[in-house]
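K.L.:
Sequence:
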Amino acid sequence: MHADLDAVDRTLLDLVQAGVPLVPRPFARLAQALGADEAEVLTRLRRLAEARVLRQIGAIFDTRACGYASALVAARVAPERLAAVAAAVGAHPGVSHCYERGHAWNLWFTLAVAPTSALGLEGTLARLEAESGVDRMRVLPALRTFKIAARFDLDAGEAASEPQPQPRPRDRRGLSGSRPPAVLAPPIPQWGPS
Numbered sequence: 010m011h012a013d014l015d016a017v018d019r020t021l022l023d024l025v026q027a028g029v030p031l032v033p034r035p036f037a038r039l040a041q042a043l044g045a046d047e048a049e050v051l052t053r054l055r056r057l058a059e060a061r062v063l064r065q066i067g068a069i070f071d072t073r074a075c076g077y078a079s080a081l082v083a084a085r086v087a088p089e090r091l092a093a094v095a096a097a098v099g100a101h102p103g104v105s106h107c108y109e110r111g112h113a114w115n116l117w118f119t120l121a122v123a124p125t126s127a128l129g130l131e132g133t134l135a136r137l138e139a140e141s142g143v144d145r146m147r148v149l150p151a152l153r154t155f156k157i158a159a160r161f162d163l164d165a166g167e168a169a170s171e172p173q174p175q176p177r178p179r180d181r182r183g184l185s186g187s188r189p190p191a192v193l194a195p196p197i198p199q200w201g202p203s
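Going by the working numbering, the sequence shown opens with residue 10, and the numbers climb by one from there.
Incorrect hints may appear among the rest.
Stated by the list, open to error - Pairwise CB distance ranges (calculated):
1. ALA135 / VAL17: 45 to 53 Å
2. ARG136 / CYS75: 16 to 24 Å
3. GLN41 / ALA123: 35 to 43 Å
4. ARG147 / ASP15: 39 to 47 Å
5. LEU31 / GLY111: 39 to 47 Å
6. ASP15 / ALA92: 33 to 41 Å
7. GLU49 / VAL148: 44 to 52 Å
The set of hints was computed from the structure by calculation and includes no laboratory data. We treat Cβ as the ideally placed atom computed from N, Cα and C, and that holds for glycine.
Kindly produce the complete structure, drawing on both the sequences and the hints.
P.N.:
Next comes the structure, spelled out in structure tokens:
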């Protein structure tokens, strides 16, 4: 637990994780729930952002519902080039997560490509591979979504235990409604030096 978080900070962060109210003055509504005023809520949120406890407050949309194509990608990069390659990959506006992993496939990222993209997902990945210095990539498309969010109970210090919605049958269907053929990468332990 971050040492500078008091009980009000933790409650505020719990409230914000649950969602910012879609009302004309959302921070006033959060303040009301806290028994505080709007100025205090804004001051606390700014301080938490400056301390890097809070990364962002923003909308999250379903990329597939908006027509985007997306995938998780595992990449193999020479360790001495990892920082430069990660910076090049992370500079792409469709990359939302980019992490080093302790494995031969040492750079993992997620990529979403707009439906208006001239290159599409495969073309964008080919360009990223060629221009970033990645040695190899494995594309791991999602076939079905089981869970896509986490809420952390800051008072308990662990992920909140709430029932998760069941996957919807339409998950990972193309625009035509038909299921795309499954293309699965081999399990990580079997990936050789190829």
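K.L.:
Check the following: the C-beta atoms of LEU31 and GLY111 are separated by a distance inside 39 to 47 Å.
P.N.:
Between LEU31 and GLY111, where Cβ atoms are some 41 Å apart, the hint holds.
K.L.:
Given the hint of 33 to 41 Å, check if ASP15 and ALA92 actually sit that far apart at their C-beta atoms.
P.N.:
36 Å, holds
K.L.:
Could you say whether the range 39 to 47 Å given as a hint is met by the Cβ separation of ARG147 and ASP15?
P.N.:
45 Å, holds
K.L.:
Measuring from beta carbon to beta carbon, are ALA135 and VAL17 in 45 to 53 Å?
P.N.:
50 Å, holds
K.L.:
So does ARG136 sit 16 to 24 Å from CYS75, Cβ to Cβ?
P.N.:
22 Å, holds
K.L.:
For the hint 44 to 52 Å, verify it against the beta carbon of GLU49 and that of VAL148.
P.N.:
47 Å, holds
K.L.:
For the range 35 to 43 Å, tell me whether the beta carbons of GLN41 and ALA123 fit it or not.
P.N.:
With Cβ atoms ~38 Å apart, the hint holds.
Of the hints listed earlier, there is not a single one the structure fails to meet.
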